[in-house]
Amino acid sequence: MEVIDGPSTRTWPDRHSVGIRLVTPFRGMFAVRDQLMEELYAWVDERKIVHGTTFFRLHVVDMEGPMDIEVGVLTDEPVKGDDRVVAGVLPAGRYAAMTYVNHGRRANGMLRDWMQEQGLELDRVDSPEGERFGCRYEAYLTDPRSERRKTRWQTELAFRLAG
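Position 87 of the sequence shown, counting from 1, maps to 87 under the UniProt record's numbering, and the rest follow consecutively.
These are computed hints drawn from the structure, not numbers from a lab.
Cβ coordinates follow ideal geometry from the N, Cα and C atoms, glycine included.
Please note: incorrect hints may appear among the correct ones.
Below, a list of computed lysine to any residue pairs in the SDA-like style, where the Cα atoms sit at most 25 Å apart [said to hold, decoys possible]:
(1) K150 x R105
(2) K150 x P25
(3) K48 x P78
(4) K48 x Y140
(5) K80 x G52
(6) K150 x L58
(7) K150 x T75
(8) K48 x R33
(9) K150 x V79
Ranges between beta-carbon positions, derived for each pair [unchecked claim]:
(10) H103 x T9: 14 to 24 Å
(11) D76 x R27: 13 to 23 Å
(12) M29 x V125: 19 to 29 Å
(13) E64 x H103: 13 to 23 Å
(14) D45 x P25: 37 to 47 Å
(15) D143 x E121: 30 to 40 Å
(16) L141 x M63: 24 to 34 Å
(17) G163 x G65: 40 to 50 Å
(18) D82 x V3: 32 to 42 Å
(19) V3 x R149: 17 to 27 Å
(20) E117 x D83: 43 to 53 Å
(21) E39 x E121: 12 to 22 Å
(22) T9 x V89: 12 to 22 Å
Work the whole structure out from these sequences, hints included.
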């Protein structure tokens, strides 16, 4: 893993988005993510919606069960969705974040260890479905359409902090 930036804390305003959210098993989740990215790109391209960074948000994490995930793109303003693609927001707040290349699992461990060392508390609760996050996402700073090799993507990993 190559660390490009961070870990550090950052404060962001609400960021508008449009995305597809669903529940899928952890096993096979990344294949589902890739399919959803293709579907979402086709949707925004068909409607000529100008968009920014692609993100993969984990709403609820249960490594042994279903994962509540969302694939989205940032937009400059709210976008009207439909039954499948919905308008949303990455909520404002203070985040623990880092940018890395390759090895997402290691990056997650490194960022969580750093947060613990710093005494930072996550915006999360335990629920019967798993760990429910206020906002946890990976933003793909490298456009997945221009670089197919995921091991070369620059990825921003961020967890919203409590408070």
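Hey, K48 versus Y140, does the alpha-carbon distance stay inside 25 Å? Satisfied, since the Cα-Cα distance of roughly 21 Å is no more than 25 Å.
Please work out if K150 and T75 have their alpha carbons no farther apart than 25 Å. With a Cα-Cα distance of about 23 Å, the restraint between K150 and T75 holds, given a limit of 25 Å.
Has the hinted range 14 to 24 Å been met by the Cβ atoms of H103 and T9? holds, 22 Å
Range hint 24 to 34 Å: satisfied by the CB atoms of L141 and M63? Check passed, 26 Å falls within 24 to 34 Å.
Quick check on a hinted range of 40 to 50 Å for G163 and G65, using CB atoms only. Taking Cβ atoms as reference, G163 and G65 lie about 29 Å apart, which means the hint is violated.
Hinted pair K150 and V79, Cα distance within 25 Å: violated, 28 Å
Measuring from beta carbon to beta carbon, are M29 and V125 in 19 to 29 Å? holds, 21 Å
Given pair status - R105, K150, alpha carbons within 25 Å: At roughly 13 Å apart (the allowed maximum being 25 Å), R105 and K150 satisfy the hint.
With a cut-off of 25 Å on the C-alpha distance, tell me whether K48 and R33 pass. Holds - the C-alpha atoms of R33 and K48 are around 22 Å apart, at most 25 Å.
Is it true that D82 and V3 lie within 32 to 42 Å of each other by Cβ? Taking Cβ atoms as reference, D82 and V3 lie about 39 Å apart, which means the hint holds.
Holds or violated: 37 to 47 Å for the Cβ distance of D45 and P25? violated, 29 Å
Given the hinted pair K80 and G52, is their alpha-carbon gap at most 25 Å? The hint holds at about 16 Å.
Of the numbered hints listed earlier, those contradicted by the structure are 9, 11, 14, 17 and 21.
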